[in-house]
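Number of protein chains: 2
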Amino acid sequence: MTILYAQLADQIQQLINDGVYREGERLPGVRVLSRQFGVSISTVLQAHQTLESRGYLEARERSGYFARMPRQDAPVPVMQRPKAKPAPVTARDMALDLCSVERKHMVPFGPAVPHADFLPLRQIQHATLWAARQGLETLDYAFPGKEIFRRQIAQRMTNLGVVTTHEDVIATNGAQEAIILALRAVTQPGDIVAVESPSFPGILQALEVVGLRALEIPTHPLEGLSLEGLELALEQWPIKACVVVANHSNPLGVQMPDEQKKRLVRLLDTAGVPLIEDDIYGDLPHEGERPRPAKSFDETGNVIYCSSFSKTVSPGLRLGWVVPGKRFAELSQQKYFNNLATASIPQIAVAHFLEQGGYDRYLRAARQRYREATGRLRAAIAREFPEGTAVSRPMGGFVLWVQLPNRVSGTQVFQDARTHGINVAPGRMFSTTDKYEDYIRLNCANPWNERIERAVRTLGELVDAQMRRAA
Amino acid sequence: MTILYAQLADQIQQLINDGVYREGERLPGVRVLSRQFGVSISTVLQAHQTLESRGYLEARERSGYFARMPRQDAPVPVMQRPKAKPAPVTARDMALDLCSVERKHMVPFGPAVPHADFLPLRQIQHATLWAARQGLETLDYAFPGKEIFRRQIAQRMTNLGVVTTHEDVIATNGAQEAIILALRAVTQPGDIVAVESPSFPGILQALEVVGLRALEIPTHPLEGLSLEGLELALEQWPIKACVVVANHSNPLGVQMPDEQKKRLVRLLDTAGVPLIEDDIYGDLPHEGERPRPAKSFDETGNVIYCSSFSKTVSPGLRLGWVVPGKRFAELSQQKYFNNLATASIPQIAVAHFLEQGGYDRYLRAARQRYREATGRLRAAIAREFPEGTAVSRPMGGFVLWVQLPNRVSGTQVFQDARTHGINVAPGRMFSTTDKYEDYIRLNCANPWNERIERAVRTLGELVDAQMRRAA
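Protein sequences, first through last, are from chains D and W. With UniProt numbering, the residue at position 203 of the first sequence is 203, and numbering never jumps. With UniProt numbering, the residue at position 98 of the second sequence is 98, and numbering never jumps.
Any given hint might turn out to be false.
One copy or any two copies: either way a pair holds, since identical chains are not told apart in the list.
Claimed, not checked - No more than 16 Å apart at the CA atoms, straight line, and that leaves these computed lysine to aspartate or glutamate pairs for EDC-like: (1) Lys326 / Asp269; (2) Lys262 / Glu287; (3) Lys104 / Asp140; (4) Lys104 / Glu437; (5) Lys240 / Asp464; (6) Lys104 / Glu137; (7) Lys104 / Glu147; (8) Lys262 / Glu23; (9) Lys262 / Glu61; (10) Lys240 / Asp191.
Treat the hints as calculated values from the structure; they're not laboratory data. It should be emphasised that the depicted structure is a prediction, and the values quoted were computed from it without experimental measurement.
Work the whole structure out from these sequences, hints included.
Below, the structure is given as structure tokens:
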């Protein structure tokens, strides 16, 4: 019953909203609440964390939890229904611009790349030094991956409910490459691929580079990809693959419930359509257990699982992997022909980091930090943006999806923000349609400081100014 | 006048063949020969090296050079004229088989990968340790490459006559990826691409993976790609790109004369067809100066230059680069969409290695070793293979292209050799036609020992056995 703590959180939130617990007032102790609501202590603690990230509770060291009224708790954006027609993917150059050298020095709300403060620099440095000392092992490349790395991945996958041996794993240059290899292996140029809407821009870029058409499926902010929408699409179009981020999708941050994942896997298997799962945010839930990948419900090998260490260990490693299931031969051929193999040192270093338990220790701290950073930016947006702004309530990862009020243009905010030295991702990057023109996405993985705080205020003012001009 | 020593070598060889210097006899001293032929001492020394690699001289420490009669100096294979029609590329799975785990323990005549003994292990290890200590710099990735790496490459390219700034350089996962990015940037699936014949299998695989058709242009063992053949092909077919290895092409080892390179660049520029140059063996001439790349004759930005450190520093780095000329935007977009960037640590390590001058010091020794290894294997083949065998006389790199006598099947040798634990590359991998069915390619970059010597004998016996069965 993972939902119990969420119910409890909702109840307490209601009590705060109703003024039963007033702002600044100390909440009853954990044991008291546990008895009062008839739930376990750990459930109370989870509910506390949830409320903290929603901005309704404040933890004070050695004093307990205090009620807090978010200046305004922004609503979550509602599900959008994009035009249900496949569209070619073009004009994605904005993605390149977002990462340009010029933007390196801006306030980094743009690319979904964690600030170095969030990464285990010392540990990965230590592991790299260890790897460099392995001598001969580092000189050679191994296709389709270094055994030491593939074994560690297989072990982790098995722990997530995906029974895997090292022979099922291919090392890749990040998850993006894994997705592209998968698309190339199962589609032909011109084919239609179903994606979430809003969709991670990297996936749309992958479709563009392979020459595919995107069919956008509505995605619910709390349940993920609409299975009804997908079912309908499968009936109407010759879909050749479906790309889904089932855990903490970017930009919505939604975690698809297990029951939905199971249905998704079955639906696509029955239709004979490969499911390409991108699980790069799976290791970063804000609360509770590490969610299961959709692949863990795959009984026929129809799910191609892609992931990487770019959001957790270091983007500079460019290290990902794919577990292609029954399409192992096609994927490994694609990998070999495209660039033979993945660099050896990063594989050996990460394998060592995993084996020594360093990664799991780091993850425990990282989850907490990402949760806090996301909650903090969310609260700041609720405070600083004009009324009518809606903000996603992510269950993991570190991005926020912000719907601007009165159809203010995200592209305009993107351009205006640039002159203030602030980088954001405009909503139109997340679709082949203009459905998300009034959205922006913000990266929360930055240490909180004066500059960040000021930047949120500036963004709020830019939105406000646009509203005034329109009025 | 780099040709002087070659003329001298030919003259001395003739004298040995004519019995003027008899087998086992000591040659006159260097000064004597210098006076006798009216050439400089360094020219005599270069001629000696040439003859040593041809198997006509043996250097004995502190005693000078001794004449030697190669059992038989195998002739060089003649130029083949493949069917002048574009062909789709398929069934390249043999390449994968060649690198399979099972074959890792065989005598490594198969893949063109240098044995670790030929690589600067200590130096690259040292550079990697240095890189790992750079901290923050290693965590992040830089698109389209780390500036420190791009600057070193730009400097080297400029020294080769290709005036380049770091902004012209994209870091890639090896040269194979560079070639694929180039092909994807300038062609559409189904297009025709001109390639050398015989062609490096990696290039044919690249064509296959991008869905292109190969038009094979005859390639002369001493002059490289036939410009007449290419000119004719350009008139007859809508060629969209041309891939050429101008320096020490694999498998022929031929170095295209500068005059030819210049004509090649002009011809393609006039035709509006991009030239994709693969220069991975350029740093490994057996004699004389590092040859110029075709790109150094490019005045319009029409040449896309690709290279890597896989044949010189370490294949495990998976580090290459591309200088795309006027197609920089298309290439960098392809790179970004395919896998965002190349791993940081290998780039920082190699940049350090280059900057410290370690690479150039290493190259001087490596050229000498590759020359010796190639000469030695060539002499052994001439000795152990049946009469009628022809062997390429490479000017750089470390592979030999062997034409078997009496149309003996290279594929059969490949299969028979496997049962003896010997790996070779069958000729049919080097073409879309069956033109090279009676060829094999051998990798020479192995330390010479009993096992290697025995393996050459076994291969000779396998060829012999096939001839007997046919008779």
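A quick look at each hint next to the structure:
1. Lys326 / Asp269: Answer is within: at 12 Å inside a copy they meet the 16 Å cutoff, but 46 Å across does not.
2. Lys262 / Glu287: Answer is neither; intra-copy 21 Å and inter-copy 64 Å both fail.
3. Lys104 / Asp140: For Lys104 and Asp140, the Cα distance is within 16 Å only across copies (11 Å; inside one copy 34 Å).
4. Lys104 / Glu437: neither (24 Å within a copy, 54 Å between copies)
5. Lys240 / Asp464: neither (43 Å within a copy, 52 Å between copies)
6. Lys104 / Glu137: Result: close only across copies, 13 Å inter versus 35 Å intra.
7. Lys104 / Glu147: between (36 Å within a copy, 14 Å between copies)
8. Lys262 / Glu23: Result: close neither inside a copy nor across copies, 42 Å intra and 79 Å inter.
9. Lys262 / Glu61: neither (41 Å within a copy, 75 Å between copies)
10. Lys240 / Asp191: within (6 Å within a copy, 24 Å between copies)
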